[in-house]
Amino acid sequence: MPTLTLIQAVNDALKTVMRQDQRVVVFGEDVGLKGGVFLATEGLTKEFGEQRCFDTPLSEDGIIGAAIGMALNGLLPVAEIQFQDFIFPAFDQIVSEAAKFRYRSGGMYTVPMVIRTPYGGGIKGGLYHSQSGEAYFCHTPGIKVVVPSTPYDAKGLLIAAIQDPDPVLFLEPKRIYRSVKGEVPEGHYTVPLGTTRTVREGNDAVVFAYGAMVSVATIAAEKVAAEQGKQVRVVDLRTLSPLDEDSVLEHAKQTGRVVVLHEAPRFCGYGGEISALIAEHAIEYMEAPIVRVTGFDTPFPNTLEHHYLPDERRVCDALEKVLTF
Amino acid sequence: MAGQAVLSVLREDGVVQGQEPEIAPDTLLHAYRTMVLTRHLDERAMRLQRAGRIGFTVPNKGVEAVQIGSAAALRASDWIFPSYRDFGMALYHGVPVEQMLHGMFCNGLDNSRGRQMPVHYSFADPIRFVSISSPIGTHIPQAVGAARAAQQRGEDTAFLTSFGDGGTSSLGFHSGLVFAGVWKSPVIFLCQNNGWAISCPADKQTGSDGFAVKGEGYGVPGVQVDGNDFLAMYSAVRTAVARARSGGGPTLIEAITMRMGGHSSSDDPTKYVPAAMLESWAKKDPIVRFEKYLRRRGLLDDAQAQAALSAAEAQVAAAVEAAEKAPLPATETIFSDVYAEVPPSLRKQGRDYFDLMSRHGEAAAGDGAFPL
Numbered sequence: 018m019p020t021l022t023l024i025q026a027v028n029d030a031l032k033t034v035m036r037q038d039q040r041v042v043v044f045g046e047d048v049g050l051k052g053g054v055f056l057a058t059e060g061l062t063k064e065f066g067e068q069r070c071f072d073t074p075l076s077e078d079g080i081i082g083a084a085i086g087m088a089l090n091g092l093l094p095v096a097e098i099q100f101q102d103f104i105f106p107a108f109d110q111i112v113s114e115a116a117k118f119r120y121r122s123g124g125m126y127t128v129p130m131v132i133r134t135p136y137g138g139g140i141k142g143g144l145y146h147s148q149s150g151e152a153y154f155c156h157t158p159g160i161k162v163v164v165p166s167t168p169y170d171a172k173g174l175l176i177a178a179i180q181d182p183d184p185v186l187f188l189e190p191k192r193i194y195r196s197v198k199g200e201v202p203e204g205h206y207t208v209p210l211g212t213t214r215t216v217r218e219g220n221d222a223v224v225f226a227y228g229a230m231v232s233v234a235t236i237a238a239e240k241v242a243a244e245q246g247k248q249v250r251v252v253d254l255r256t257l258s259p260l261d262e263d264s265v266l267e268h269a270k271q272t273g274r275v276v277v278l279h280e281a282p283r284f285c286g287y288g289g290e291i292s293a294l295i296a297e298h299a300i301e302y303m304e305a306p307i308v309r310v311t312g313f314d315t316p317f318p319n320t321l322e323h324h325y326l327p328d329e330r331r332v333c334d335a336l337e338k339v340l341t342f
Numbered sequence: 069m070a071g072q073a074v075l076s077v078l079r080e081d082g083v084v085q086g087q088e089p090e091i092a093p094d095t096l097l098h099a100y101r102t103m104v105l106t107r108h109l110d111e112r113a114m115r116l117q118r119a120g121r122i123g124f125t126v127p128n129k130g131v132e133a134v135q136i137g138s139a140a141a142l143r144a145s146d147w148i149f150p151s152y153r154d155f156g157m158a159l160y161h162g163v164p165v166e167q168m169l170h171g172m173f174c175n176g177l178d179n180s181r182g183r184q185m186p187v188h189y190s191f192a193d194p195i196r197f198v199s200i201s202s203p204i205g206t207h208i209p210q211a212v213g214a215a216r217a218a219q220q221r222g223e224d225t226a227f228l229t230s231f232g233d234g235g236t237s238s239l240g241f242h243s244g245l246v247f248a249g250v251w252k253s254p255v256i257f258l259c260q261n262n263g264w265a266i267s268c269p270a271d272k273q274t275g276s277d278g279f280a281v282k283g284e285g286y287g288v289p290g291v292q293v294d295g296n297d298f299l300a301m302y303s304a305v306r307t308a309v310a311r312a313r314s315g316g317g318p319t320l321i322e323a324i325t326m327r328m329g330g331h332s333s334s335d336d337p338t339k340y341v342p343a344a345m346l347e348s349w350a351k352k353d354p355i356v357r358f359e360k361y362l363r364r365r366g367l368l369d370d371a372q373a374q375a376a377l378s379a380a381e382a383q384v385a386a387a388v389e390a391a392e393k394a395p396l397p398a399t400e401t402i403f404s405d406v407y408a409e410v411p412p413s414l415r416k417q418g419r420d421y422f423d424l425m426s427r428h429g430e431a432a433a434g435d436g437a438f439p440l
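Protein sequences, first through last, are from chains P and U.
Using this note's numbering, the first residue of the first sequence is number 18, and each one after it goes up by one.
Using this note's numbering, the first residue of the second sequence is number 69, and each one after it goes up by one.
Don't read these hints as lab results, they were simulated from the structure.
Positions of the beta carbon are idealized from the N, C-alpha and C atoms, including for glycine.
Please note: incorrect hints may appear among the correct ones.
Said to hold, decoys possible - Where chain P lies over chain U, by a calculated footprint (3+ residues, C-beta under 8 Å):
{"hint": "1", "segment": "194-204"}
{"hint": "2", "segment": "332-343"}
{"hint": "3", "segment": "396-402"}
{"hint": "4", "segment": "407-417"}
Stated by the list, open to error - One side of the interface only, derived from the structure: several residues of chain U facing chain P at Cβ under 10 Å:
{"hint": "5", "residue": "GLY182"}
{"hint": "6", "residue": "GLN184"}
{"hint": "7", "residue": "THR236"}
{"hint": "8", "residue": "CYS268"}
{"hint": "9", "residue": "LYS272"}
{"hint": "10", "residue": "ALA373"}
So that you can see chain U by itself, here it is in the shape it has in the complex (with noise of 0.2 Å):
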């Protein structure tokens, strides 16, 4: 907001500066393994695309504090509804990893069988965190209907909605703010300014200053909070989950951040994103900025930080494993899951394909890659 600092506690050396949130160590740990498992499964996924074992990834890095900051302050019983980034708040919450690789591998394991790319995650539990889709800022609305429901039944469930500086330009990001402002539903708009919407910077978005502005004229409080900060971003949104449950209304969080990589990984930041930048933000990297503050607080050593970091290692190593040793998905999942039940019409376009593999054969692999 014009006029009002942006949210921080962490210094760059881990040393507090702001308020400090009361957390309990067991949950700061917890927090700490799941950024380090977070980062772990994002580069472990880099390379399993490159080694083309998968078809399609999305960096993480950088955006950690973020997404585990946020998700810390959700109880399991809120709902989150994802950008396709979004992926550390799932773990936080308990997500298997087996689960997530399943949906890297595509395979018939996978919660969406196979149907969705990568990273299009769909998982209820232990947490909603609602079906993924590629089109930008859609499910911002969907978030204030859910919240909507909640309310008329009394419930104090909070819904947290994420979504990119980009995705403050989408149609779904002003018609769910429009929504939450008159309805007062407790949802909690994260913005994760990650400075890029694929190659564009975000001012290319925006004229206002920053993106928590934005709120105001909706009636939605805005708050920027420095993103690589966990203490500052877990405060932020118990802030606003706090306002949420009490009746309050809804609150417009931009986290300031980095995306430290490609949008994706078929994108080649290095065409636009200047290097000065980059080595400007890995200064801030907000694991290594957790973990000194731990470390002052005498909550982690050498030893621990590196069970952390040989305990991710190995979930997703086993994960990987069995997701590439899974199934594919059985040809008749194609037809399922249109409909609670599939209409006479749709079964006999199944019958007859089937028919008509036992004359000609199955289909050849596809020799797809995304994209070409």
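Looking at chain P on its own, in the form it has when it is part of the complex (with noise of 0.2 Å):
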């Protein structure tokens, strides 16, 4: 089996999706020559030429706003947002349009569609090259929000997300596009939307995380067992919206002490939806306050992202505090 790393997977996914179906279509800017800025799509136009893969003028609205035309006729587009950063002047498209379609309808005019943009920070990209939005989105009923964390669950689920009936927001954490690697099937397999992942096994306290998150969880876990003993499970999410609350809810359950992990600020952040969850479901299986690692509620800076970002000393405090309460 292959060993690939993250944005190879991606590039893996999508030309084999793109060889078994002609109606997979891929653009964004300068993702045909160039191969994408990260090299997601690169030899892609060169494969299967100017009509399936190809650049599009500087809009994010004309991208958006395009996909959905196109998957209301026929096409599967999978379009490609330079920087997630970058993806607001889409924001009506995405929000009012692409998630609302079947809903205003009844069903009858669909849109499945796949909007691919890295996301995160740790690249030195500043206030706009590191942003997590991935909440702006998930509270939007009518698009599904999925992250990978590994080569594996990239492939699988972008292939999954390209079959969805739905359109789907698929983040994908570039601080770690070339840093993690892992074997990857070759052909067509799919990941199941909607399903998490357990990392690393372990009955003291569980952390929820994913994106580039989830390998910060996994050393904060594996120092905590060797300082203390205690192991702390592990479960990647990797798919945001919809959630598999039952899993989510089991977890907390098995372990009584949650940690709830993202970079993206706390307030109003993806880990208050879980804390809540597991608060309105599971309070009574709790031996600790819930408790959020996240970046600050500050926009993201640039000299000083490490610190902003949250690393294994601030996940082994929190692990601390649900550990000794």
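Hints are included, so try docking the two chains, each in its own frame, into the full complex.
What follows is the structure, encoded as structure tokens:
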């Protein structure tokens, strides 16, 4: 089985579905000849031609609006937004249009499409090449939000997203595009949307994480195991919306001590939803308050990004709180 | 504009072929020195990036006449809403090189406290060079709004907003021109058609014959200018500025030029820019052309040209040294400037974090590099 980086797995997923299904088209800014600024679409124009992988004018609103139209008329568009930070001109098309077509037309019109976009910090990208905007979109019913953290999941989830009958926002953690490697099967396979993945076993506490934070959680869990002999479970949520609530509640009940971890700011962040879910449905199982480890409630800094991004210190500190409560 | 000639004044050999604008010799020499400084700073920034001393930069070579020619037609009381490649405009008006280097090193003396990536400057003195963001075209309607404020106070300030050929596809370009057309805004929309939006050639941004023609539909007159011709750029912007000050409304200027480097230090333009295109544009180098003109007029000799370069090198070297020595931003700066006053909840987040550091130590230095 080939060993790929996360970005190579994305590229492999695109090639796999494009070979199988003529309806799949890939487009965005610089995705053609250049192969994307991160090379996610490298070689696609060469293999599939400019009709199926092409550059667009510099308009995110145009990219997503056009993707919706293509999806309405029988194509399976995979649109790239160069950085998630640049998605906001398309917010209207995503939130008011893509996410609501099925509902407003009683299922007469649907938009099966994928928006791929690199997100998250840790690459010295400052305010506008670092953000984690998942909460804006998870708050919108009608669009699914998926975040892989391994090459295997990146390929399997992306193929599942492209085959999904509904619009999917596919957030790619760019910080680990090349640093994470793993075995990826050749050819077609899927990882079902709406499922979590247990990364590390343990019954003393659980950390819920996604994207680049999964490995931070795992490093912290290993440290706690080495220093305190406590076994911390790590769960990769990998589909943020719709969430596998049963799985989250099960993990929470089994461990009784919960840490939720993400890079995005805390206030109205995704961690609040996980905390509230557990508080509503499993409070009687909790041995300690649920603790969130998140980015600060500030814009994303540049020079000081290593302070902003949650690291093992902050996860260990939170684990200490829940384990010793 | 279809059927309208591209405004040009200087031939490639520096001979005047069009209407020569009246400019004081001192102004011409200041413009020349600024162009030399702009190019040297640009080259030095790329070397610093390649050596890993700064994280990022955007090559500027080839567009100096667009920037300096435009800036020279503005007063210090006018406003610039720039894009990320426009630092030459700020240099012309006297923003210190050292301040730019602090920005490139993202240190504690940087105006943005190291919060922004390099080249995303914010300057207010000696000219308003409004804080730059990375999203494309967002600043264009903002220039129109700032102009509206001046209109309402009866001021004759002009507002120049600059963007690339790719920027004309953004929402901001269209809303900006719609509003400016209706409000007769004192705004100069400067489209720097440098041939490329990262890897996409300009003909992938528009089906129209150039970009100046786009103004027509909004009631904004458009003009195409040879962007490698300092005198043509100065003339075009001066005419637009005069129109703006006198209540005549906005102008769309398309400066036809060529980005001679990559989009950024992360980009490899050899993958998509034809070598022949670079070769033909190299012959039109804006600084070489302007220098020939100055020599013909007897305003510049070898010694003065050498002095301009030496002065630029000395200024930049001193600024690099100062910026590299400057401290990093204090950790507290993560929490300041989010609001005028730090809200209690955010103050608590900050306190909690400092408390955590006292127990668990400093954050490990980041290994982030742009891009991966």
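For each hint, the structure was consulted:
1. 194-204: holds (count 4)
2. 332-343: Held - the segment 332-343 of chain U has 4 residues with a Cβ nearer than 8 Å to chain P, which meets the minimum of three.
3. 396-402: Since three or more residues must qualify, the claim that chain P covers the segment 396-402 of chain U holds, with 5 doing so at under 8 Å.
4. 407-417: Since three or more residues must qualify, the claim that chain P covers the segment 407-417 of chain U holds, with 3 doing so at under 8 Å.
5. GLY182: holds (3 Å)
6. GLN184: For U/GLN184, the interface hint holds, since the closest Cβ of chain P sits about 5 Å away, which is under 10 Å.
7. THR236: holds (8 Å)
8. CYS268: holds (5 Å)
9. LYS272: holds (6 Å)
10. ALA373: violated (37 Å)
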